[in-house]
Each structure stands twice: as structure tokens, then as C-alpha cells.
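> Residue-level listing of the chains:
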Amino acid sequence: MKRLLQPLLSVLLGLALGLGVTALAGENPWTVLKILASGAFGTGYDFGMTLFYATPLVFTGLSVAVAFHAGLFNIGAEGQLTMGALAAAATGAILFRVASPWAPLLAGVAAVLAGTLWGAIPGWLRARRGSHEVINTIMLNFIAAGLANYVTLYLLKNPESQNPETRAVGDGYLLAPFSWLGGAPVGWATPLALVTAAGVGVLLWRTSLGFEIRAVGQNEAAARAAGIATGRVQLLAFALAGGLAGLVGVAEVLGNVGRFRVGFSPEYGFLGIAVALLGRNRPGGILAAALLFGALHKGATSLDMETEHVTRELSLVFQALIILSVSADGLWSWLHRRRSSC
Amino acid sequence: MAAAPPAAVELRALSKRFGGVLANADVHLRVAAGTIHGIVGENGAGKSTAMKLLLGLLRPDSGEIFVHGQPCIWASPAAAMARGLGMVHQHFMLAGAYSALDNILLGAEPVRGGMINRRQARTRLELLRQQYGLPVDWDSPVERLPVGVQQRIEILKLLYRDANILILDEPTAVLTPRETAELFANLRRLRNEGKTILLITHKLKEVMAITDQVTVFRAGRVTGERVTANTNPTELARLMVGRDVVLNLAVAPAKPQVGVALEAADLHLAGPAVGGRTRLAQVSLQVRPGEIVGIAGVEGNGQSELLQALLHPRDPRCRTSGTVRCLGQDVTHWEAGRIRELGVALVPEDRHREGLLLERPLRENFLLGWQRRSPFSRGGFLRPSALTSAAAAAVEEYDVRPADLGLAVGRLSGGNQQKLIFAREFQERPRLVIAAQPTRGVDVGAIEFIHRRLVRARDEGAGVLLVSFEIEEILALADRILVLYEGRITAEFARGEVSEAELGLKMGGS
Amino acid sequence: MMRWLFGAAGQPLRRMVLWGLLGLVTTGRLPAADFRVGLVLDRGGKDDKSFNSSAFAGATEAKTKLGIALKYVEAPDDNAFEPMLRGFAMKDYDLIIGIGFAQKEAIKKVAALFPKKHFAIVDSEVDAPNVRSLLFEEHEGAYVIGAMAALSTKSGKLGFIGGMDIPLIHRFALAYEAGARHVKPEVTVTANYVGITSAAWNNPPRGKELAVNQYAAGVDIIFAAAGASGLGVFDAAEEKHQFVIGVDANQDWIKPGRVLTSMLKRVDVAVYATIAAAQSGKFAGGVEHFGLANQGIDYSVDEHNAAILTASVRKQADALKADIIAGRITVPDYYKKP
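Residue numbers (my numbering), protein chains in the order written: chain G, 890 to 1231; chain R, 1003 to 1512; chain A, 14 to 351.
If you are wondering where the hints come from, they were derived from the structure by calculation, not from laboratory data.
Watch out, some of these pointers could steer you wrong.
As the list claims (entries may be wrong) - No farther apart than 25 Å at their CA atoms in a straight line, the calculated lysine-lysine pairs in the DSS-like style are these: (1) Lys122/A to Lys104/A; (2) Lys350/A to Lys197/A; (3) Lys253/A to Lys167/A; (4) Lys349/A to Lys1046/G; (5) Lys78/A to Lys295/A; (6) Lys295/A to Lys104/A; (7) Lys1046/G to Lys197/A; (8) Lys167/A to Lys328/A; (9) Lys78/A to Lys122/A; (10) Lys104/A to Lys923/G; (11) Lys170/A to Lys78/A; (12) Lys295/A to Lys1046/G; (13) Lys1046/G to Lys328/A; (14) Lys129/A to Lys76/A; (15) Lys1207/R to Lys1508/R.
Kindly generate the complete structure, drawing on both the sequences and the hints.
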């Protein structure tokens, strides 16, 4: 009960703070709330866009959570998803003629493998060399961005566009959007996110490997003493985290634009940290948190459009306040502890 | 008795409830001024709660506190301090990089014109030092001083603040036998100078050795008050546990079998020496099936390194050399998990660090290390029902309390945590047992249980390697004793071949 | 407390309290005027002091002069263009304008969904009956600018610093060099680009570094078509006492006396004209070109550069303009390169 209540309270606190800020800017908080809600859920299309933004966050949230359960902090989801999307786009652009249903499967596997590789590197460095994964993943984010730029601009450039983007993938690769969402680019990638979340849940709590991952995360020394090959488990967990982040490529490339665009991600990888935090690193919580963040992102766009004073910057402040109150969640338990000890 | 001087400390009908748990129920305690008073009881018996109430760290739900006859319920720890109460915690509250002098002054600096007047403080401390005979090097950073000296600094800190009632929480847990003897001499001197001392401990031998009076706690209540001279360890143990306890287990001699359970040859651990000591050098040992081999030694003489070398021979992070044979196999280049699967039960030296997932429930801790074995796992998937039934049976057999499989292990007492580790490690009959400090921080009732279990494993044919800092434990259980001193094995005795005094000397390097 | 609540600083607070009393009353915040224009700006936002600022200025001018109702939004990410365009389309806006080539796909899609709405896009061509594509003949301006630079140089060495290495900027570079050679065949042009990603638009230190190198190699005039990175080039010009040419907006004021002129790309004019046409019922789909002929492209003269831009150079530049408008000179276009 408390596990559910605390995140809920911090979301409400953040929401209240955010509404307070918009009120100071000169908007009626009640109107702002209504616009947020209708902007995120008002029509099939609005809801579709909410789902569209939520889907990558499910993948990156899961990615951060899996690493977290192994006691590792994955700041590298951004790089991993970049590699995943790039691999999906490259597969689709090079093997242009492959037909559905093999094509999306192929590109999906490529995305997962690329993400896995990008996750395995810091995992390996951590397990073998003991070097800290936070530093390594930050560095790998830069390398992934550089690599993606190079491939996009020099190897697979779309000659018909001024945008830095790759050539389009073959039509066989594209996942058609669901018609009932009013044309929002939401297709099978979203159910895939649901299934993936369930799969991660089963893996972590119903398999021997999952138990080992959690044991290493809880107490590495005890896991080692119990005969668990902690280095290998960390490597596996990080590779898995990378693969999960790589799945963002399926949503973006196969489910949306059919190509890799430089800078397509509004920092899904970093938002994934907040999603995992808010979702208490549980698959169900992550689904809920991702939906909330997707709704906020979509709703904030509507705020910019439908209010006088809430500009893009202010809606960013709004979102940031919610993230902040979620991350300051430790505050709740701290306050709680303080009170009970006096 | 109406004319008797008021007690230094008196608790009357003190009660404190945490949620549904009565931590202290109707506690009465009377400590005469100028005495050493033992407070004994198992973990969770309510000793700490009573002391926290006394110090103003907690507020009682009901009851009264008197200090030197004055009624007082403290508003804060500082108020308690001002009335002459002070505590030396089990984990010292020292700033490691600061000098002894600065640590003592911290929070009570004599200030003149905005500057700390160290000279004045030094003069006063010199007087205290001479009065109580507590030698300390004032200017060394505290972290470079031996644990016994750090403890002395903590005591001086209280004396500097004019404390006349000193509470010491398990002060000997971190000390060598020699340091313990020194501490006791200092405590006696403090008492003779008029200080009142409350000594919280679970070691009955120490109670007998140093206290004047003793109060026993069990389950939040006081179960007995005795004049130390009129009681004995067996009676105290019964008051603590609530039943008769065998303190000195009579162990039948071993019937070692042919063969080798564990054999280490020429173990060596490279790397920087700690405190000028060799970490591990040329250690060879052999454990036969059906015998207990005890490794005696003072903490920090290579015990941890030896365990590391035996259990993780190929871990790249500790560069060991030498060979390890286990149950007929050369395991020098094996992974730890594979060695464990041969039938090795491990009781780690620090169960919080290496034995348990403290935030996870009993159920998962019971699974740790067995997560890939039948019947708990099939095809990579866990089988929760098999785990639950096995864990429930084991928890019952080993009398782990509370027997709630969903409870986080960190909330169990030390003894119950250790019993859970035994339940886990002995769920298949082990062929080799490596037990390090198996009774450290374990209550009296559980010690007997643990000793019996080790002897039973031996009698069932397992080789047992027992690493312990407790001389009595080694003497009682081990069929052969190896002395580890400065990373080397310096002596070997058979059961009954060596006296406690002689073994103590060997452990000290002579 | 009371003074704080009711003093000047309490104004926002008072507003909040007032709303608290008003409770559930919602305020219809849609503009009240008859003709409604929705403006979707690029990720750069309305304060980028160049492209988006210019578009915003044109729309704002339309608001004051023509009495239209204007609502603008700034996209937080590349996937937000479509929902924003849709949002305007669903809310009975009469004209929806997308700024920047990045919106091409989104406009194409949304225009098809809302065939009765009118759309316009700057810098990209969308072939639909209800979309007006506003294209600029940057090469015409760059050609004139090149000629002016060649006429002003003393060293005979000209520089070009582009932002992102994309066709649009190559269009500038090609025509700039051609214009220079047209009046002085012996001049040389050194071209550098700040980068290959959109970050290249906002990297002044790199722009400065490139400019310093060019000046050191004997270049005395640099044409900076590099967005905010160009500000670094302006710094270098001031430091090295050389000359620089601005782009898009009139940038002569940034370093008076060192800015020879600016090549104006009048996005504001294009936006204003489109709004005016649509308001008077004369909206038409198809492509509209803005070039020298309709002042969509021009060069700047004001008090900041009057002293350094000689009358003879201006005279020759104006003659060249006339020739291009009349079709007597064909300016090479990178987009139409074989």
C-alpha cells in the first residue's frame, strides 16, 4: 500500500507545484489541468500520441530498471537506443527488398543486438576491469552519437532531404499504425512494449537468472560468496538493459518514420531513469510511469498551443517539477524515518 | 533502607512501545553510584531501548527516570549529557582524519576570542589522563590508532564533558584479549575514582569478571537482578534465554576418516601488507572428513585472506598463489560456484556483508546459492512452491524466529540470521563445512545450537574448517588447532594438547 | 505578510486568489479576431535572432497591421510538429504556417487530412492544393553578395563559413563564389563548414576558430551563413580588424563598421504576404518564390555599414540585381545542378 501511495503522492505534489507555477505565470490552474488532460487523452489521436511518447519510455525505463536490479546505474540508455535505432534503420535501408513479416523481425533483432552490444561494453568493463559504469556509459553515449552522425551523413544519407537522416527503409519494414488511434504513429511497437514489460517481470522474479541479478544488486559480496559469478551476471544484466533500450529503434524507425533521424530522441534515455524511479523499478510501475510521462509530454504541447502564457519553456519547467518531486521521493522516506524516531 | 544514598540511575516501571511491539515493559533498574553494573540480554531483549530512554534518545510511554535521585525525562540527548550521562557506542563516533585532541574537543571547544584554546584543553586532558590512567597520543589522526586506543578516546571524550555515569555498549566486541584486559583495568580504575559504569554485553564471562551487579533483560522485561558475586553464568544464561542452556558443550573426540576434504598447499597472497603484516604466506593445511580443524588467531592475522584464497582461488581481484584441492578435485582454477556445488557449506565471517540479502525476505535468502538447483529451478525458471515448502520446513527445523518467510532478513536477530544461514547451507548434507566466526554476535541460546550443528556435520562425515577469534570456541570444538599469526601458521595442536593460556600466548605471537 | 500579499509583489498571488474564487470558470483563450493564423516554429524557437525570429516578426506585424489573431507554438521535438499542426487544423484556424524544412513530412500529412484548411511552409516544397510553399532564391542574393565582396576585397581572397554542411548552404556557397568571379575572375574563395549536425548552427567558438584561420591565410571578407555560429565569425572580424557579411536578418548592428552588409532573407515578408493574401481570400496553393524581384531576398544598407559600403560597390550591386531580375544573368543554383 505504501509502495503505491508514495509515488502517487509525489506525482500529485509535482503536479501541484507545476500548476502553481503556471498560476504564477497567469493561467487558471484548473484550465491548465483540463488542457493537460484533454491534450493527452481528448481524442483517439491525442491518446495515440501519448502512447507514442510513452512507448520508448517503457523500453528505456525497463532498461534502467534491469541494470538497477543488478546494482548498476545505466545512464547509457540514450546511447543504446541510438545504436538500436541506427541498426534498425541501416538494416532496412541496406536490405531494402525484404518483405513483411520477416523484415520488421530482422530489423528488430538488429536493433536489439546493437543495443545489447552497446550495453555489454560497460558491463564487461565493470565486470572485468572494475571501471565505473556511469563514466563509461556517459562516454559511450557520445561515441554512439558520433557514430550515428557518421553513418547517417556519410554512409546512408537521405539525398532528398536537408535533414540529417538516413535513407528510408523498405516498405516491408514498416509497422502500420493502428487505425483507431486517428493516425498517430502507434503500431505494434506499443503492444511489444507491454509484452516486454511482462517478460522482464517474469525474468526478474520467476527465473534463476533473475534471482541472481537481484541478488548481485542487493549484496554483491553475498552473491559472490554464494557462488554466483557476479561479473558474468552484471555483464548479462547490462547487455540485457542495452537490448531493451535498443527496442526504442523498433518504435521510432519501424513504427514511425522509417528512417534514422539524428537527434530524434527527446532524451528518452534520461527520462527512462525518472520513469524507472517513479515506477519503483517494477514493470507495472514503469508502464504507469511511462504513460504519465507520455501524457505530460503530449499534454504540455497542447498547453503551449492553448494557453497564453504557458510556453514551451514553461511546460518543460512543469514536467521538470514532476520529475524533481519524483526523484526527491527519498525525501518522503526520510521525513517518515525522522518522525518515527523522535 | 530509607537512609541509603540515592542510586546513580533508577528506572521505574518504564514502558516503550513501537507499533505493536513492546520494546520495554515495566522495566525497573537500579544502579548504585560508584559501581560497575552489567546489563545483559540477547539481541532485541530491550537493553538498547532502555539505554536510549535513559539517554533521552527516546521518550518513554510511561514510567519514571531518576538520576542521582532527581526525576527527569530528557528533552534531548544534550540535556542528558549536561546531567553527567554519556555513552560509548559500539561503533565509535570519531572523525577519522582528525587528531585525538580535536575529536575530544569537537562540539565542546574551549573558545577564546573566536579561536579554539587548545592549550587549555590539553592541560585539562593531561590531568584526566593522569587521574584515570588512560594513555593517548593526542596528535595522531584517530584512524591510525589501534581500536583499543580509539575506545579510550571515546571514554576521555565523556570524561572531558564531566560525565559521571558512563554507558558502554558491547565495548569488547572489537578488542583483542589483551586490549580487553586493559579496558577492564581502566574501568575498575574509573569506578574506584567514583564513576558509575553501565556495561551492556552478552558475554557472560565478562559480566562475571568485572561487574558488581547485573540486570538481565529478556523480551523487553527485566527477568533478574543479581549481585555478581552471588550468581553464575549458567543462571544468567537461563535468565536470558528462559530455559537451561549448555554453555560448555562436551564434544566427543573425532573419528577422522581416510581421505582429504580440503587441502591447501603453499597459499600466498600478494598485495600491500596491512599494518606491516604479511597478509598470507606459505599456508598449507589439510582437513580430513570427520574432523574439525580450528584456525585460532587474533582478528586481522590473515583469516579473511585465507578464506578468500580457499573460496575464490581464481578471482582476479585478489592475486593468490598456491593450490587448493577440495573433495578430491584440484579446484585452484575453478569458479566459486562450481566449488560450492561439490558439497561445500559456507558460514561467512561477516554474515551481513557476505551471507545475507538483508532487505530481502527469508524465502529468497534461503534460495541464495541454490537458485539453479533442483527442485527450486527447472529449465531456468524458479518454482516458488518447491521453495516455499523447503524453506518452511528448514526454518522450522532450525528454529528460526519469527518463522515468517516473507519477512526481511535484516529484521531478524543475529542468532536467527545465523540459524537461517545454517538452514540454507546444510539443506543438503555437506561434505565440507567452512565456518568463519559462526557465533559472532549470536545470542547465548543460539550458540549451543550452532555448536551442536557443527559437531553433527563432523559426525556425519564432513570435514569442518572452523575459523574463530574465540579461544573457548576453538578449544571446545576443534579436533586439531592451527594458530594463524601474521599470515602464517605458527603452531599446531591436537585436542586437549594445549591450555587456554598457552594458546592465547601463541595467538599473540610468542 | 499582508503588505506582501497586497503590495506590488503580491500581484501574481492576488491573481491566484482571484482564480481560486472564480473556481471552475474556464477562460476561453482563443483569439477573438475573425481571421486566425497558427504559426508552428522550428525547434530553434522564436528567439533564435535569425530564421524563426524573422518569421515571428512577420506574423506579429500581420497581427498589428491586419488585425488577425495569431497563436504561435514552438516544437519541443521533431515528432511534435504533426500534433501541433493537427491541433491548429482541428481548432478552426484559417491559415497554418510551418517554419523550416523539418516540417515537410508533417505538413504533407496533415494537409492531406484537412483538405479544407490552408497551410504554408517555408523553405520546403509540399505539392498539395491547400499548401503554399514559400521558397527563397538564396542563390540570387548570395551571387550579389559575392560580387560586392569581390569588389570590396583588397587581398583578393574571400572566405565563406557555412553552418551545417547541407545542400541549402552549398546553394549559398556556390552562388557566392560565382558572383565574386563574375566581377573579379581572379579572386579565390575559401569555404569551411562548422559541422554536420544541427549543432553546427549554434557553435560560435568553432565559427570563430574557422574565421581566425581564414583571416590568417589572407582572407579579408568572410560571408557567414552559419546561424548563431556566425556570431563567432563576427567576433573574429572585430579582433582581426577584417570584414564579415551577415545572413538572414540584418546583422549590421552586431559589429558596426566590421559588417560589410547582410544578405537578407525576408522570411518576415514572405509570412506577412501569405497571411495578407489568405485574409483577403486570395490564398492559393503551389510554390511561391521569393527572390530579388519581390524583395524577398536583398542586401542591407543602414547607418551601421553606410561608411564602409562604398557608393560604387552599391551601384554595381544594384546593376547586378537588375540584370538578375531581368534574366540577363543566370545565377548557378546548387539545387538544379546536374
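> Indicate, hint by hint, whether the structure satisfies it.
Going down the list of hints, with the structure as the test:
1. Lys122/A to Lys104/A: holds, 17 Å
2. Lys350/A to Lys197/A: holds, 23 Å
3. Lys253/A to Lys167/A: It holds: about 15 Å lies between the C-alpha atoms, which stays within 25 Å.
4. Lys349/A to Lys1046/G: holds, 19 Å
5. Lys78/A to Lys295/A: holds, 18 Å
6. Lys295/A to Lys104/A: holds, 21 Å
7. Lys1046/G to Lys197/A: violated, 36 Å
8. Lys167/A to Lys328/A: The given pair, whose Cα atoms are some 19 Å apart, holds under the 25 Å limit.
9. Lys78/A to Lys122/A: violated, 32 Å
10. Lys104/A to Lys923/G: holds, 16 Å
11. Lys170/A to Lys78/A: violated, 45 Å
12. Lys295/A to Lys1046/G: The hint is violated at about 39 Å.
13. Lys1046/G to Lys328/A: It is violated: about 43 Å lies between the C-alpha atoms, which goes past 25 Å.
14. Lys129/A to Lys76/A: Answer holds: Lys129/A to Lys76/A is near 23 Å, not above 25 Å.
15. Lys1207/R to Lys1508/R: Since the Cα atoms of Lys1207/R and Lys1508/R sit roughly 21 Å apart, the hinted pair holds (cutoff 25 Å).
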